[in-house]
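Undergrad: Here's the letter readout for the chains.
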Amino acid sequence: MTSKNSFLVSSRENHKRRIWVWIVTVLSQLLVYGGMMMIYLSRIRGVYANGGFKTPEAFKQGMCQAARDALGFSDNLYGIVFILAAVIGMQGFSYLYDRRKVDMYHSVPVSKDKRFWVIYLNGIVIYLVANLSGMILGAVIAASQGAVNADVLANAGLAFVWNLFLFLALYHMMVLAVMLTGNRFVTVCVFLCFVLYEYCVQTQIGLLRRSFLETYSEYYISTKPKLSVIYDCTVNIWNIKDAQDAAAAAAISMPIVGKWILVAAAFLGLSYLAYKKRPSEAAGRAMAFSFMEPVFKVAVAIPVALLAGGLVYDTSYQNEMLQVAGMLAGGLIFCTAAEVLFDFDIRSLFKHLPSSGIALVGILAIFSVYKWDIFGYDSYIPAQNKVESIAISADGYYDNYWDENRQYFEKSQFEKENMFLTDTEPVLALAKAAQGADPETMGDARSVQILYRLTSGRQVARAIQTDYDDPGTEELLNRIFRTDAFKKGVFQGITDDTSYADVMRITYTNGAAKTVIPVEEADRLREAWIKDMEQFDFTLVRHSRPCGILNFEYENYHQRQWFVYDSFAETIAALKKLEAYYPMALDAADIESVTVTCFHNELTEQESEVDYGMEPRAVAETWDAGYTDYTVSETFFEESQIAQILPHLYSNWIDAPWGSYKDVDDNYSVQVVFKRDTAYPYERDSYYFTYSFYAGQVPEFVAEATAYTGE
Amino acid sequence: MIEIHNLTKHFEKIKAVDEVSVDIREKTVFGLIGTNGAGKSTVLRMIAGVIKPDEGTVAVDNMPVYDNVEAKKRLFFIADEPYFFVNANAMAMERYYSGVYEAFDKEEFYRYLEKFNLDKSRKIGTFSKGMKKQLALLLGICARTKYILCDETFDGLDPVMRQGIKSIFAKEMEERGLTPVIASHNLRELEDICDHVGLLHKGGVLLSKDLEDMKCNIQKVQCVFCAVEDELKALNGLEVLKKEQRGSLCTITVRSTREEVEARFATVDTIFYEVLPLSLEEIFISETEVVGYDIKKLILG
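These protein sequence lines are chains A and B, in that order. Going left to right, the first sequence walks through residues 73 to 783 as our numbering numbers them. Going left to right, the second sequence walks through residues 7 to 307 as our numbering numbers them.
Next comes chain A alone, as it looks inside the complex:
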């Protein structure tokens, strides 16, 4: 038997005081889940009525997908969860703002512990009951229309857990905000600080790093917020929604939920402590604990000031003096505004100047750290014996990467997980050579991302600028590119043994011809290509361009491209054997015409240079008049002329990984039109193909025919 003064009695009494919160919460959840479910299902029914589904099974699948969207992870919901957590958290403990209520509640014989846990747990009960009611209503609507299956229910269960812990983390933040403050306005401010602080600080610090640190890189190591619940939610919700099934959704969502549990637990612990220590006389004051006033002021002034400085920096064409002035002004305005807020008195503008001074000094210190690189960030190169392995990403190549569930992921992630260069010396030498080098003076300045894995277990990321045209750089990159570790860390096609089982189509193209290869040849082609890749190095990819591409197509439009070079004898032999190989150079007999367009970039550049040298008024007049069109096109039909042109063309449809932009002449564009009756297996979807001339290989008669004459 429970005593009259038991926990449950207190709980029931507390619920009576929270009727309107009950109503708002339950109604919101019923409307959201019920409404979303009806809208989503009716949309699918509409599509079905218009013949959008070919089979009843497809329609049922569509209905289930709609039910999953409505009951499962939803970006529509987390805004509502955010608001509910804030409202329930604030309302529950809002008696602390009112001295009359505090006098009553704190004088009655109820322990602080019991009161805290009663109000706290009741808040969770309100949310849980409302959320479950909404979900049950949604599920009943879905079930009545045959739109429920195991995946829908599993996803709904996961989403319930996701939303619950999102709620808890935010709820605890609001409870702590109430404990630290004495009125609603300041509570909301502090709550928003808890929710957004890390994100705002990271963003501002990131801006400073990007502005002032030359080697700063977020390629391998992200400086994204680690504990920001809202950031996690915003960034991940789409990945989770797009997950193939509940298991995939769980794999993404549950680690995040685990993190939220830690965040929620930390905030709950602090809330409880603050409640126990909170003086009753804090009711109505801005901050419950006096010592929190300077802490809050300094902690928020810094990101506010950095933001103000950043805005001034952007709008003043990157004027650093104005940036500093903007930061100090922003910091000072915030500090004075905070004092007014604390006292609700405009006369308090310049109170507590020492803490304002600390904030301003802190702002300048943070700015200085990045502006003058006080801690030697850019000059950091680890000692070779301290480096266990390295991952590197040299600008110039991209591919699609995906996991066993066909979920795409970033190239950086693949490299991070698969590239372990233990011959670290060439990378360190590259980094050393890059120090102090001016990219403006480089022939072909390219970014190289480096991830140092140190023996201590720490990982350090840097970005350096290297000159791909520099022979020394080429030699160092050759040493890196030749290693198996590098190849395995860049080309997923080398390591991914399982991905060939479900190849749906294999094609080879030289930019014009497209031949289909039987899928059973996949393994043989792969073996040949991997063997050819033994000769892969930076010199190969830098000084020769691919003669074609092997394209592997999978379900859901996943594609993987393998570049084939003229020196890839094994691959080319295999392709030839399959009658799938066609060289880059075309046969004039297959071509109807070739249209060459010369842009005369040199004349356009000249015109631009003259513009900038002119008086502003003349510049304005020239701009009003517009630029001269120097483009000249000429079409060649004679087979002999075409035959002279074709050997010098390179397909624009084929990229050259790590290639030099100087290899092809960007002053010309070439359109090649095939004869309709040719047997050449060109891609029939198109009748012309675009090419560029190799640099320095424009035939003289072509240059003459496309010369600009001023007419």
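Don't read these hints as lab results, they were simulated from the structure. Glycine residues also receive a C-beta, built at the ideal position from the N, C-alpha and C atoms. Fair warning: there could be bad hints in the mix.
Unchecked claim - DSS-like, lysine-lysine: derived pairs with alpha carbons at most 25 Å apart: (1) K348/A x K215/B; (2) K21/B x K88/A; (3) K173/A x K58/B; (4) K221/B x K173/A; (5) K348/A x K21/B; (6) K349/A x K19/B; (7) K173/A x K112/B; (8) K126/B x K33/B; (9) K298/A x K173/A; (10) K58/B x K349/A; (11) K138/B x K88/A; (12) K173/A x K33/B; (13) K348/A x K79/B; (14) K129/B x K184/A; (15) K186/A x K152/B; (16) K58/B x K184/A; (17) K88/A x K112/B; (18) K129/B x K173/A; (19) K423/A x K152/B; (20) K79/B x K173/A; (21) K152/B x K184/A; (22) K152/B x K349/A; (23) K135/B x K173/A; (24) K88/A x K58/B; (25) K173/A x K138/B; (26) K173/A x K21/B; (27) K186/A x K135/B; (28) K79/B x K186/A; (29) K129/B x K349/A; (30) K21/B x K423/A; (31) K88/A x K19/B; (32) K348/A x K135/B; (33) K298/A x K603/A.
What the hints assert, rightly or not - Quick list of the computed label-pair ranges, beta carbon to beta carbon: (34) V412/A x K33/B: 20 to 26 Å; (35) S27/B x L334/A: 55 to 61 Å; (36) H87/A x P283/B: 53 to 59 Å.
Chain A is fixed; fit chain B onto it per the hints.
TA: Positioned in the frame of chain A, the structure of chain B alone reads:
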């Protein structure tokens, strides 16, 4: 007994209560008098365990009171502006308090409501200020706690209601040893209720005495002496607190018992003399003037 020892409380830089030490005996009505800002409410809130003293201790029946449920079970605190739940009526408040105070006497509560003409179903928000105070007092009385702490609760009650509450207090004191502690800025409000009075000024206690003791030990005598020698003889050896002369009529306030004063004046030649009762106000004026304060400014404005 409530023992208050060296109680000190600051609100930021303001010292609201400064080393207050008072003992509140059981079965007495203790009046806490002081001007606005003297620290009465703060002392009561500390006794009620609402706020924590910076220094000093409050013990209720030898138990510290702050965050101590057992001590708080013996207290009922009625704040200067008692809080009632939004849209609540007397029944709702009874349900809450009977859940919190185990000994809450519901039957008696509803009986008192009828007696005081308070509608149990009417929303408290529509009550007058006086009605709300009555309701708070009735809730406090029916909670059947040993101590009831009233902050300015009697101020503004009409005389009939005051008399009604006073008689309930008397009954409860007799039946179960209730100890009311009443804070007020108005001395006259407490005169007919209190047994013991503590005077607070600027956070400190100016004096704390039993009213009866004070009344018994201070006498006001109006008299017309026949000769100056008679006056000197009558007052010789008595502690004269105040003496006013209007023509031949002397009004003398002395610290002594009525019997002693009457005995003295009987031995000298007087045309007329009479020992008059002192009002609480007059006693306070006399007592505080002795220690250098002008009570009229402090309490009576």
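Undergrad: Quickly compare the C-alpha distance for K126/B and K33/B to 25 Å and report which way the hint goes.
TA: violated (30 Å)
Undergrad: For a C-alpha distance cap of 25 Å, please report whether K298/A and K173/A respect it.
TA: violated (39 Å)
Undergrad: Taking the beta carbons of S27/B and L334/A, is their distance inside 55 to 61 Å?
TA: Since S27/B and L334/A have Cβ atoms about 49 Å apart, the given range 55 to 61 Å is violated.
Undergrad: Do the beta carbons of V412/A and K33/B sit within 20 to 26 Å of each other?
TA: Cβ of V412/A to Cβ of K33/B: about 52 Å, so the range 20 to 26 Å is violated.
Undergrad: Does the Cβ-Cβ separation between H87/A and P283/B fall within 53 to 59 Å?
TA: holds (57 Å)
Undergrad: Does K423/A lie within 25 Å of K21/B when you go C-alpha to C-alpha?
TA: The hint holds at about 21 Å.
Undergrad: Has the given pair, K129/B with K184/A, been kept, meaning a C-alpha gap of at most 25 Å?
TA: violated (29 Å)
Undergrad: Compare the distance between the alpha carbons of K173/A and K21/B with 25 Å, and conclude whether the hinted pair is satisfied.
TA: Given that 25 Å is the threshold and the Cα spacing comes to 24 Å, the pair holds.
Undergrad: For the pair we were handed, K349/A and K19/B, check the Cα-Cα distance against 25 Å.
TA: Since the Cα atoms of K349/A and K19/B sit roughly 19 Å apart, the hinted pair holds (cutoff 25 Å).
Undergrad: Hinted pair, alpha-carbon criterion (25 Å max): K129/B, K173/A. Please report holds or violated.
TA: Holds: K129/B and K173/A sit about 18 Å apart, inside 25 Å.
Undergrad: Is K298/A close enough to K603/A, meaning Cα to Cα at most 25 Å?
TA: Roughly 43 Å between the alpha carbons, so the hint for K298/A and K603/A is violated.
Undergrad: Quick one, are K186/A and K152/B close enough, alpha carbons at most 25 Å?
TA: Given that 25 Å is the threshold and the Cα spacing comes to 23 Å, the pair holds.
Going through the hint list in order, the structure does not satisfy hints 1, 2, 4, 8, 9, 12, 14, 19, 22, 24, 27, 29, 31, 32, 33, 34 and 35.
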